[in-house]
Structure formats: structure tokens, C-alpha cells
Amino acid sequence: MNEITPMSDENGEVGNDGHSHAPAKLGYSPVAEIPHRLRVTDTDPKAARRAERQVASMFTLSMVFIILSVVAYVTIDKFAVVYIPVLGEVGASNVVLGLTFGIAVFLIGAGAIQWAKKLMPDVEVVQERHDMVSEKEDDNLAAANYERGREESGFARYKMIRRSLLGAMALLPIPIIVVLRDLWITPPGENPTEILSTTLWTKGKRIVSDGTYLPVRPEDLPVGGLVSALPEGILEVQEEEHNLNARGKAAIILVRMDPEQIRSQQGEGWDYNGILAYSKICTHVGCPIALYEQRTHHLLCPCHQSTFDLADSGAVIFGPAARNMPQLPISVDEEGYLISTQDFAVPVGPSFWERDRT
Amino acid sequence: MKFISARRRNPFVAVLLLVAALGAVGITFSAVSNIQPAQASLGTQTQVEDGKKLYLEGCSSCHGLDAQGSMNGPTLIGVGAAAVHFQVSTGRMPLAAPGAQATAKEPIYDVEEVAAMSAYIASLAPGPAIPTSEDLDYSNADVAEGGVLFRINCAQCHQAAGQGGALTQGKYAPNLMQATPQEIYEAMVTGPQSMPVFSNETLPIKDKQAVTAYIMALQEAPSPGGLSLGRLGPVAEGLFMWVAVFAAFIGAAVWIGIKAR
Amino acid sequence: MSTTTDHPVEQVGGATAKYVDQRLGSNKFLGRNLGKVFPDHWSFMLGEIALYSFIVVLLTGTFLTFFYNPSMVEVVYNGSYVPLKGVQMSEAYASSLNISFEVRGGLLIRQMHHWSALIFVAAMAVHMFRVFFTGAFRKPREFNWLVGVGLTALALGAGFTGYSLPDDLLSGTGLQIIRGILQSIPLVGTWAAFLVFGGEFPGTDIIPRLYAAHILLIPGIILALITVHLMMVWTQKHTQFPGPGRTNTNVVGYPLLPVYMAKAGGFFFIVFGIIALIGGLVTVNPIWIFGPYTPDQVSAGTQPDWYIGWLDGALRLMPNWESVIAGFTISWNVLIPSVVIPGILFTGLALYPFLEAWATGDKREHNLLERPRNAPVRTGIGVAAIVFYGILWIGGGNDVIAAAFSLSFNVLSWALRIGLIILPPIAFLITKRICLGLQRKDREKLLHGYESGRVLRLPHGEFIEVHQPLNYKELAVISAKDDLPVLPAPVKVDADGVRNPNYRVDQLRHKLSSFFLRDNIERPTDAEIEAGQAHAAHSAALEAPLHDYEELDQDPVGHGGVLHHPGMPMTNQEQVDQKQ
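Chains as they are written, first to last, in the numbering used here: chain F, 1 to 358; chain G, 1 to 261; chain P, 1 to 580.
Take these hints with a grain of salt, some might be off.
As the list claims (entries may be wrong) - Each computed DSS-like pair below joins lysine-lysine, with the alpha-carbon atoms no more than 30 Å apart:
(1) F:LYS136 x P:LYS139
(2) F:LYS136 x P:LYS237
(3) P:LYS85 x P:LYS363
(4) P:LYS363 x P:LYS18
(5) P:LYS363 x P:LYS36
(6) P:LYS36 x P:LYS473
(7) P:LYS473 x G:LYS259
(8) P:LYS441 x G:LYS259
(9) P:LYS85 x P:LYS237
(10) G:LYS259 x P:LYS36
(11) P:LYS36 x P:LYS441
(12) P:LYS85 x G:LYS206
(13) P:LYS18 x P:LYS139
(14) F:LYS136 x P:LYS511
(15) P:LYS473 x P:LYS441
(16) F:LYS46 x G:LYS52
(17) P:LYS237 x G:LYS259
(18) P:LYS432 x F:LYS136
(19) G:LYS105 x G:LYS52
(20) P:LYS492 x P:LYS363
(21) P:LYS18 x P:LYS85
(22) P:LYS139 x P:LYS432
(23) P:LYS237 x P:LYS139
(24) P:LYS441 x F:LYS136
No lab work stands behind these hints, which were simulated from the structure alone. Computed from a predicted model, the values in this text were never measured in an experiment.
Could you build all of it, start to finish, from the sequences and the hints given here?
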């Protein structure tokens with residue numbers, strides 16, 4: 001470091017304000033290079049009194065606000081709504097509790113800082129640093145001790161002990177990883193690939209509308225219509241399995257378009273009079289998709305903007321998804337309700353390592 | 001209804017009740033004023049003729065002299081009175097300028113003119129009719145059920161809080177915070193622009209009323225946690241945190257660093 | 001300021017200190033450390049914001065655990081929020097609603113918890129920028145930088161696990177995406193996803209597991225690392241900016257007791273207070289609006305919290321590449337943005353101090369911070385990285401931005417994709433140029449003083465601009481610039497014909513060092529600076545007596561009109577002079 005003698009003002013003396021008689025043994029001393037400017041509170045006792053009162057009143061106000069917050073907690077009904085300009089109609093309890101408690105806490109901080117700034121010494125002091133590297137003596141001592149330990153343990157001599165110990169330590173973490181295997185207690189005969197490749201849809205399974213759980217007839221669905229749908233009996237399956245897994249795979253959307261506008265499908269005749277069924281689970285990372293633009297037949301994922309053309313086999317036309325939306329072949333049963341004619345031909349949802357080996 | 005009834009105990013609620021009462025009067029008024037075209041849409045002959053006149057002046061350049069459609073606009077045969085009422089009374093039609101989609105603006109035609117045009121289009125072919133006041137009455141609907149249906153059928157485009165969202169190529173699903181029950185109903189049955197159709201068979205009128213009740217609840221809902229930040233989710237929250245909260249922190253840090261006079 | 005000697009408070013304090021000391025020997029430590037000097041600068045408080053918001057996170061989080069129930073068992077909601085009454089939902093979601101509506105103050109605490117979590121990560125990021133751009137990570141503080149990088153990664157984990165706990169529609173959708181990301185990992189991905197979720201998505205295990213991670217595992221490690229982080233700062237003493245009296249071997253500031261303690265302690269309450277105010281006044285994550293999670297529902301504008309936004313943006317902007325190799329599927333479209341890019345970014349962050357030290361050959365200890373302009377390449381790299389991150393971040397909100405500004409997200413996405421590749425290098429070049437320009441300016445100031453903006457016409461008609469010497473603060477700051485030479489180019493075979501075995505490595509190092517240092521504007525020598533400042537003082541002194549003539553301007557017999565400030569109206573005498 002190059003030392004430059006600054007163009008120092010001559011009034012750089014410190015210590016005339018009565019609070020910087022820092023004895024050398026405290027480990028620091030005022031910075032010689034910085035001229036000390038006295039504050040109003042250093043020179044004017046009245047100002048110092050004022051500052052003292054200011055700080056004390058902040059702390060006192062803080063107490064007042066703490067009491068107010070307790071009062072608010074007890075008195076304000078938790079469902080009360082209050083209109084506050086800018087904020088709008090807001091929960092009274094939340095706003096008042098936040099305000100009173102927040103102000104109380106803030107005032108403690110502001111008081112402490114005001115105290116430090118106005119009444120505590122503002123003389124910058126300097127302290128020497130010490131090198132991080134140890135003293136030669138300590139260094140030697142450490143080295144000697146290390147050498148002694150190496151010698152006494154025979155770590156260097158007993159090659160067999162050393163190697164077997166290292167081996168033992170290396171193997172030790174293995175059980176810790178192995179026991180994680182049963183994070184998923186695999187039901188007998190099941191494997192992820194198969195689970196990901198099958199859904200509730202089977203031949204003849206009725207399609208019911210999500211939310212109402214009523215079966216859907218083709219004539220219910222006008223051109224341009226959209227229905228979020230599930231397989232019939234989904235609620236019973238959920239009840240039985242105590243989870244939403246089946247729903248997460250089987251969710252579909254039904255859309256109807258003018259049959260002439262369907263350019264291609266994933267299978268011959270998989271539509272029913274212009275009604276197409278597509279999986280609702282995005283092939284990118286699995287968000288449910290139902291942003292269907294009936295004019296353009298585009299289906300958009302709200303998570304990452306993958307866009308699929310449902311009039312063209314659900315092909316990807318924009319965004320990060322790589323796979324077409326899987327199509328579900330549908331027909332009607334003898335009572336005239338829409339049914340699936342088989343399960344999806346490909347796994348639904350995001351890709352996975354074994355996806356194309358199914 | 002504990003949430004509502006419990007609120008009544010509080011003094012602030014007087015103000016709220018007043019606001020709610022005014023709102024209710026407003027909604028009722030708008031519902032009543034909207035019923036007139038509905039009743040009239042049975043379509044007197046004069047209305048159809050007036051409507052045809054208005055149609056030829058204002059609409060036919062795009063939709064064709066006989067509403068058969070053209071390069072510039074789709075056919076209106078069979079779209080029904082509801083579609084005409086939705087598009088024209090929200091100012092979406094006639095189109096101000098070609099763009100990604102028609103935007104809502106001040107309507108050009110008054111209530112009677114809209115009724116006449118609706119009657120004319122309805123006279124061409126059957127289509128979704130303008131809803132009756134019974135169709136729109138959501139007072140007995142189950143709000144929570146409506147919430148479920150809203151999240152299944154609407155939230156994907158209009159966002160869970162009804163704030164709207166982006167569609168492809170600059171199109172968008174509009175914000176629902178100003179939508180009236182009639183507009184909501186008509187949008188569902190006619191499927192304006194990009195929006196798919198939710199027919200009365202796949203989403204029965206009872207469920208439409210529930211959805212309407214939920215949207216109305218969203219419109220009127222107070223924000224229990226304070227400033228709502230437009231209910232836009234984590235993007236708005238992140239922006240607020242980085243701009244406002246950090247400004248406060250940095251300001252405090254700088255204040256601490258400044259020497260007192 | 002009290003000077004009383006036998007104040008009862010002090011007596012009690014002294015007695016307590018003695019009592020503890022007799023049992024712990026604590027006075028040895030206190031004696032050494034109560035006077036420890038901490039440098040004062042507002043930017044040194046950014047790390048404190050992170051620390052304090054973490055404390056608020058811990059306090060509020062503990063409160064939340066009293067009421068939250070991490071269970072995915074489906075229940076029917078029967079609380080007081082009418083628009084969800086009778087709706088099926090998990091107990092996790094129902095208990096989060098109860099915290100928000102039934103527990104008085106619960107919503108405030110939940111919002112404070114969420115806001116302070118957002119602030120925690122943000123403060124860490126800004127603190128890291130400060131450390132990076134001032135070179136505070138250099139020797140001897142490389143370990144502490146590593147701890148900081150570890151803390152940042154853990155903070156992302158803490159945030160994400162917390163985001164997922166309420167089990168509302170947003171958080172469940174986030175988990176759905178995590179499942180997709182896990183499945184994209186080659187070879188083990190499918191199994192990894194099944195193990196993490198305890199089977200198929202969503203299953204019923206994930207929330208209890210995330211809860212364990214969120215309230216025990218991650219905060220425990222964070223707490224331990226924060227302790228290490230602070231202990232290292234304590235032992236190594238804080239860095240300081242160059243300034244008068246500040247050298248590489250001292251530390252200038254305020255002693256721990258009382259000034260630093262009052263300021264740092266006060267700042268804790270200020271941060272706490274601001275968080276409480278925000279928690280009371282501004283909604284964060286209104287979970288009741290989003291509804292319970294089910295895997296077949298979604299809301300438009302589905303976003304993670306801000307700190308995961310860049311990863312979501314990367315997922316959005318990535319082209320849709322996927323390949324099938326030997327029958328196995330590799331989803332580059334998911335793997336690259338969510339595994340490879342963050343991997344590279346965090347590895348790069350962790351290794352940067354070592355890379356820079358190796359490339360520049362700088363093995364010295366640095367306790368004096370470097371001004372960003374004096375390390376143009378480092379500053380450029382930092383800005384380029386921020387631009388890269390920023391574009392991904394904007395990408396994470398492209399649909400909301402598109403909807404808010406009536407843009408097409410298709411166009412926006414393409415602009416961001418292109419920007420992601422071309423803007424960081426441009427940002428690097430521009431930043432470096434700006435830094436070098438500032439360095440030149442500094443050199444000018446050292447050699448010729450400060451341009452006062454006043455032009456002086458000398459008696460013999462010459463115009464000069466008055467230069468003034470730098471004041472002592474500025475001089476100390478600017479002259480602290482520290483030049484490093486470019487590492488010499490290695491020779492392949494030396495004079496004795498011995499081949500250099502490390503030639504390639506040395507050559508690479510030479511090139512890197514030259515990349516870092518070659519454009520550096522050299523600092524003038526001390527003698528040059530002294531001469532320059534003296535000259536400036538002389539020029540300023542020239543002007544001083546002329547000020548006296550200003551008053552004479554009004555005097556018709558004086559020769560007047562010698563001083564002309566640009567933009568000032570001419571004096572009467574000057575006008576008279578001109579006419580003549």
C-alpha cells in the first residue's frame with residue numbers, strides 16, 4: 001500500500017470534547033488523519049438535553065404503541081373490515097396490529113440509533129489488524145504436535161490400518177443413502193414406468209364433467225365448447241386411495257370443433273363428431289392446461305407458455321414443451337354418453353428417462 | 001355465514017354496510033335496466049327492423065349485408081341475441097381498430113339500439129338468448145361451489161382472483177372485476193372471441209349462477225391482509241418488495257451512516 | 001455522555017461481569033473485544049438486513065408451527081371464510097386458512113413470515129453484490145465467500161419448501177413442476193421423483209417431508225453457517241473502503257461498545273419494525289384466493305416467489321429440445337434450465353475468488369476494498385451475470401408482463417431468448433469501458449487536481465481553467481488504487497535449453513491475467529501525485545488574489561474585468577472595456 005500524506009487541515013485535533021480520551025490500552029485510538037468536527041450536542045448542553053429527551057420519548061412512545069397493540073388485539077373483531085385510503089377495504093385487526101407493533105419496534109430502533117448518533121462519541125477510531133497467519137512459534141508448535149501425533153499413532157507406518165480405516169469411513173455413508181430407498185414403499189409388482197403409463201381410462205369408461213361429475217353427451221357440447229373432464233368413478237377411487245394421484249393423471253379436456261377444421265389426430269377416428277379429448281397435464285413439467293382458445297384451437301400452458309394446436313394432433317407450436325399433448329380416443333356408449341375407447345396410447349405428463357421404452 | 005355475521009358487530013361495519021347497500025342498489029339497478037332488452041328481445045317487428053337498419057349502418061361492412069360474414073368478420077347467423085348484447089353493450093363491437101382482439105370500451109349504442117340489433121340477429125336464426133332475470137339471480141347460489149367451478153373452468157385464463165391473464169400472440173383474458181352478472185352469463189353461453197363456450201348442458205344455469213356469485217364475491221371481497229397489490233401473485237409481491245421495502249431499508253442504512261450535525 | 005463514576009447501573013453491570021467471569025473466564029474475551037472496531041458504511045448493513053430478517057423468519061415461523069398442520073389428509077373446510085366453506089382440501093391448507101382467519105394476529109405473523117423470507121433472500125443477493133463488486137471475497141476471505149454461497153443456495157431451498165407448505169393452488173403447481181424437473185434427470189430421475197413424493201404425484205407424503213426440511217433441516221444448517229460466517233468476520237475483522245487514515249493493516253470505525261452495538265442493534269429493530277409494518281399493511285400470498293390444490297386445476301399467472309423466478313424464466317425461455325438415445329429419453333428442455341444452468345451459476349459463484357486469484361496471480365491479503373472501477377473485468381463479469389440473471393427473471397414473469405403492458409408474450413419470449421445470449425457480453429463491454437473511463441478521470445484528478453469549472457483569464461490574456469487540489473478524503477480514496485502487473489508470458493525453452501513443463505498452464509494464466517489487467521490505467525507514482533496536487537494548489541492560489549479584484553470591478557479606475565465565470569453576466573466595466 002502506498003501511503004499518501006493527505007492535504008490535512010490543521011484543525012485535526014481530537015479530544016477536546018471530553019469523550020474521546022481513549023487510552024491506548026483500549027486497543028484503539030482516534031484517527032489522526034480525520035479532522036473531528038464537533039456536533040451541536042457536543043457543544044451545546046441544551047441540544048444534548050433535547051437529544052436525550054428525543055431518544056427517551058421514542059422509547060416511551062414505543063411502550064405506548066405496545067399497549068395499543070394489546071388493546072387492538074383484545075378489542076378489534078378479527079373479521080372487522082375497515083376502509084383506508086390507498087389500501088382499500090382491509091382487515092382491521094391485521095392492519096392495526098401490524099401498525100402498532102411495527103411502529104413500537106421501529107421506535108426502539110430509531111431511538112437507539114438517534115442515541116448513538118447524537119450522544120455517543122462520533123470520533124472515528126483506528127485499530128491495528130493482525131495478520132491471519134499464525135506466529136512462527138505457534139506454527140512450529142502446531143507442526144511439532146502434528147508430527148508427534150503422526151508418530152505416536154503410527155498413521156504413516158501402519159499402512160493396513162490406514163487404508164482399512166479410510167475404506168470403512170468411505171463405506172459408512174452408504175446405509176444412510178440406502179435407507180432412503182423406502183421413502184417410497186413400493187407396492188409389490190409395481191414400478192414407476194408402469195404407474196406413469198397407465199391411467200383410469202379404459203375401454204367404455206364414461207367421461208364426466210369436472211366439478212359436476214355428470215356424464216357428458218356429445219350434443220351437450222357446442223362447437224367451440226370446452227369441458228374439463230374426468231373418468232366416471234374418480235371420486236370413489238380418490239376415496240379409496242386417499243390421494244389425488246388418479247386425478248393428476250386422468251384429467252382431460254373435451255373440446256368440440258368443426259370436423260372440417262381438424263387437420264390431424266393421433267389416431268384414426270379418435271374424435272367423435274369433432275369432439276376431441278386431450279390430456280390436461282402438460283408434457284413439459286406437468287401443469288394442468290385448459291387455456292383453450294376456441295377460435296385458433298390453441299391450448300396454452302399458463303406456467304411456461306407451451307402452446308399446442310389441438311386441431312393438429314396437439315402439436316407443440318410454441319414454448320418449451322417437446323411432446324404433443326396426448327390424445328384420448330373417445331366414442332359414445334349405447335345410452336349416448338361419451339366414453340373412452342382405451343387408455344392413452346402414451347404416458348401423460350412430463351417426460352421421464354424410461355418414457356419411450358414403454 | 002359466520003364470516004359475514006361476525007363482522008356486523010364492529011363499528012367500521014356501518015361504513016361497509018353503507019357501501020354494500022349502495023353496491024346492492026347499483027347492481028339491482030343495472031340488473032333491472034338490463035332486463036328491459038331481455039323482455040323486449042321477444043322481438044317486436046319494429047325492433048327487428050330498427051335493428052336491421054342499425055346493423056346495415058354499423059356492422060355489415062365486416063359481417064356482410066346478410067350477416068353471412070366476410071373476410072373481415074365472422075358470420076352472425078345463429079350467434080344469438082346474447083352474443084350481440086355482450087359484444088355491443090361492452091363496447092367490444094364495433095371494433096375500434098384491428099388488433100389481437102376486441103377490447104371493452106364505452107359502448108357506442110344505447111340500450112334500445114342494442115336491444116334492436118340483438119332482436120335482428122336473433123331473428124335470423126336461433127341462438128343463445130339474452131338471459132332472463134331469473135337466469136341471472138345468484139342470490140341463492142352456493143359461493144363455495146361457484147369457487148370450485150371457477151377454478152376448474154375459468155381460473156386458467158382469468159386468473160384465480162379474476163384479474164385476467166395473457167393468451168397467445170397478444171390476446172388476453174380480460175379482468176373480471178367490472179363484469180356484470182349478465183356479461184358473465186352471456187360470455188359463458190356465447191364464447192366471445194378466444195373464450196370457449198360453456199353451454200347450459202355442460203355447465204347448467206344453477207352452476208353458472210354459482211360461478212357468478214363467486215365472481216361477485218371476488219369483486220366485493222375486502223383484502224384481509226392489507227393492500228392487495230392487484231392480487232397479481234408473486235410477481236407483484238416481488239416487485240413491491242424490491243422497490244418499496246428495499247428503498248426503506250437502504251434509506252434507513254444510509255440514515256444510520258450519516259453523521260449527526 | 002454521563003460522566004458519573006459510581007452509578008448504580010454500572011455497579012450492577014460490573015458485579016455481574018465479575019460473577020460470570022469467575023465461572024467462565026469471560027472477561028478475557030470481553031476485554032479484548034468490547035472495544036473491537038467496526039468500519040461504518042451503509043453498504044455494510046446489507047448483510048445485517050439478511051441476518052435480521054432471518055431472525056424475524058425464525059420468530060414468526062415458530063409461531064406458525066403452533067397452528068400449522070402438515071398433513072395432506074383431505075378434510076371439508078368449515079371455517080369462517082365463506083367462499084371456501086364446504087370445499088374439500090388438505091389439512092395443511094385448512095390449517096393455513098385457520099392461521100389467516102381464526103387466529104388473531106395469525107395473518108399478520110404469516111405475512112411477516114412471508115415478507116421477511118422474501119427480504120432475507122433479497123438482502124443476501126444485494127449483500128453478495130456488495131462483496132463481489134468491492135472485491136471483499138479476496139484473500140483472506142475466500143472461505144467466507146463459500147459459506148455465503150452455501151447460505152444463498154440454502155435460502156432458496158428454505159424459501160421454496162415454505163412456499164409449498166400452505167398447499168394452495170400456487171404452491172401445489174410449484175411442486176408439480178418440481179416433480180417434472182426431478183423426472184427429467186437422466187437415469188435416476190423417475191425413481192428420484194417417486195422417492196421424493198413417496199410414490200406418484202402428488203401423493204400424501206410430500207408436505208410432511210417438506211415441513212421437516214423447512215422447519216428443522218434447512219434452518220438448522222443455515223443457523224450453523226450464519227454462525228460460522230459471523231465468526232469469520234469477527235476474527236478477520238471487517239474490510240473497509242479506502243479513506244483517510246485507512247490502510248490495509250488497520251481498521252477505522254467505531255468501537256463495538258457502545259456505538260456499533262447501538263447502531264447494529266437499532267438497525268435490527270428498524271428492520272423488524274419495517275417488516276411488521278409491511279406485514280400489517282400489504283398482503284402477501286393471499287392463499288384463500290388461490291383455493292386448495294388439486295392436480296387438475298391451475299390459475300393464469302402462476303409464478304413462484306421472486307427468488308425462484310429466474311429458474312422458472314429459464315424453463316420458459318428454453319427451446320423445446322428432447323432426445324431419445326438408445327431408447328432413453330433426455331429432456332434437455334427441462335434439464336438444462338433447471339439443473340444445468342443453476343449448477344453452472346452456483347459453481348461459478350463458488351469458484352470465482354479462486355479463479356480470479358489464480359488468473360491475476362494475486363496472493364496478497366486484502367483488507368482494503370477495491371473500488372469497482374479499479375477492477376473493470378470483475379465489475380464487467382458481475383454486471384454481465386446480473387444481466388443474464390435479470391433476463392431469466394423477467395422471463396419468469398413474461399405472461400404477467402405481457403398482460404400488464406398489452407404485449408404478446410410470444411414476441412417477448414423471443415426478445416428475451418435473443419437478449420439472453422447477446423446482452424450479457426454487451427453489458428460486460430459497456431461496464432468495462434465505463435470503469436476504464438472513470439479510471440482515466442481518476443488519473444487526471446491525481447495528476448492535475450479537480451476541475452473547478454471556473455475559467456480564468458490571466459492578465460496577459462491567457463485563459464486557464466482553475467484546477468483545485470483534491471480534498472484529503474478524495475485524495476485518500478482515489479490514490480488507494482492498487483495496480484497489479486500482467487503475469488509475464490512464459491518461455492517454452494529457457495536459455496539453458498530446459499523445457500518448461502508447465503508451459504501450457506502458464507500460457508493460459510498469462511492470457512487470463514492479461515485479460516484481467518492489460519487495460520488498467522496506471523496509477524501515477526506518489527511523486528507525480530504530489531507534484532500534480534501541488535500544481536493544482538498553485539493554480540487555485542493564482543485565482544485567489546484575483547477574487548479581490550472582483551470588488552474593484554465596480555471601480556472605474558480599477559483595471560477590472562479580469563475574472564470571468566462562464567454563464568455570468570458581464571460586469572459593467574467589462575462591457576465598457578468591450579466597447580472600447
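Hint check:
1. Our distance criterion of 30 Å between C-alpha atoms is met by LYS136 (chain F) and LYS139 (chain P), whose separation comes to about 20 Å.
2. For the hint linking LYS136 (chain F) to LYS237 (chain P), the alpha-carbon distance of about 21 Å falls within 30 Å, and the restraint holds.
3. Taking the CA atoms of LYS85 (chain P) and LYS363 (chain P), the gap is near 66 Å; set against the 30 Å cutoff, the hint is violated.
4. Between LYS363 (chain P) and LYS18 (chain P) the alpha-carbon distance is near 44 Å, which puts this suggested pair outside the 30 Å criterion.
5. With a CA separation close to 27 Å, the supplied pair LYS363 (chain P) and LYS36 (chain P) stays within the 30 Å bound.
6. For the proposed pair LYS36 (chain P) and LYS473 (chain P), the alpha carbon gap of about 24 Å is at most 30 Å, so the pair holds.
7. Distance hint between LYS473 (chain P) and LYS259 (chain G) is fulfilled; the C-alpha atoms sit about 15 Å from each other, no more than 30 Å.
8. A distance of roughly 29 Å separates the Cα atoms of LYS441 (chain P) and LYS259 (chain G); the hinted pair therefore holds under the 30 Å criterion.
9. A C-alpha spacing of about 57 Å is found between LYS85 (chain P) and LYS237 (chain P), which places the hinted pair above 30 Å, so the restraint is violated.
10. Of the supplied pair hints, the one linking LYS259 (chain G) and LYS36 (chain P) holds, its CA atoms being roughly 20 Å apart against a limit of 30 Å.
11. A C-alpha spacing of about 37 Å is found between LYS36 (chain P) and LYS441 (chain P), which places the hinted pair above 30 Å, so the restraint is violated.
12. Pair hint LYS85 (chain P) plus LYS206 (chain G) holds up; C-alpha atoms about 18 Å apart against a cutoff of 30 Å.
13. About 39 Å separates the Cα atoms of LYS18 (chain P) and LYS139 (chain P), which puts this hinted pair outside 30 Å; it is violated.
14. With a C-alpha separation of about 37 Å, the suggested pairing of LYS136 (chain F) with LYS511 (chain P) is violated against the 30 Å cut-off.
15. Distance hint between LYS473 (chain P) and LYS441 (chain P) is fulfilled; the C-alpha atoms sit about 17 Å from each other, no more than 30 Å.
16. Taken as a hint, the LYS46 (chain F) and LYS52 (chain G) pair is broken in the structure, with Cα atoms around 88 Å apart against an allowance of 30 Å.
17. Among the hinted pairs, LYS237 (chain P) with LYS259 (chain G) is consistent with the structure: their alpha-carbon atoms are about 23 Å apart, no more than 30 Å.
18. Pair hint LYS432 (chain P) plus LYS136 (chain F) does not hold up; C-alpha atoms about 42 Å apart against a cutoff of 30 Å.
19. The suggested pairing of LYS105 (chain G) with LYS52 (chain G) holds, with an alpha-carbon distance near 23 Å, which does not exceed 30 Å.
20. Of the pairs offered as hints, the one joining LYS492 (chain P) and LYS363 (chain P) holds, with about 25 Å between alpha carbons and a cut-off of 30 Å not exceeded.
21. About 62 Å separates the Cα atoms of LYS18 (chain P) and LYS85 (chain P), which puts this hinted pair outside 30 Å; it is violated.
22. A threshold of 30 Å between alpha carbons decides the hint, and for LYS139 (chain P) with LYS432 (chain P) the separation of about 23 Å falls inside it, so the pair holds.
23. Taking the CA atoms of LYS237 (chain P) and LYS139 (chain P), the gap is about 13 Å. The hint holds against a cut of 30 Å.
24. In summary, the hint linking LYS441 (chain P) to LYS136 (chain F) is not supported, as the alpha carbons are separated by about 44 Å, beyond the 30 Å threshold.
Of the numbered hints stated above, those contradicted by the structure are hints 3, 4, 9, 11, 13, 14, 16, 18, 21 and 24, listed in ascending order.
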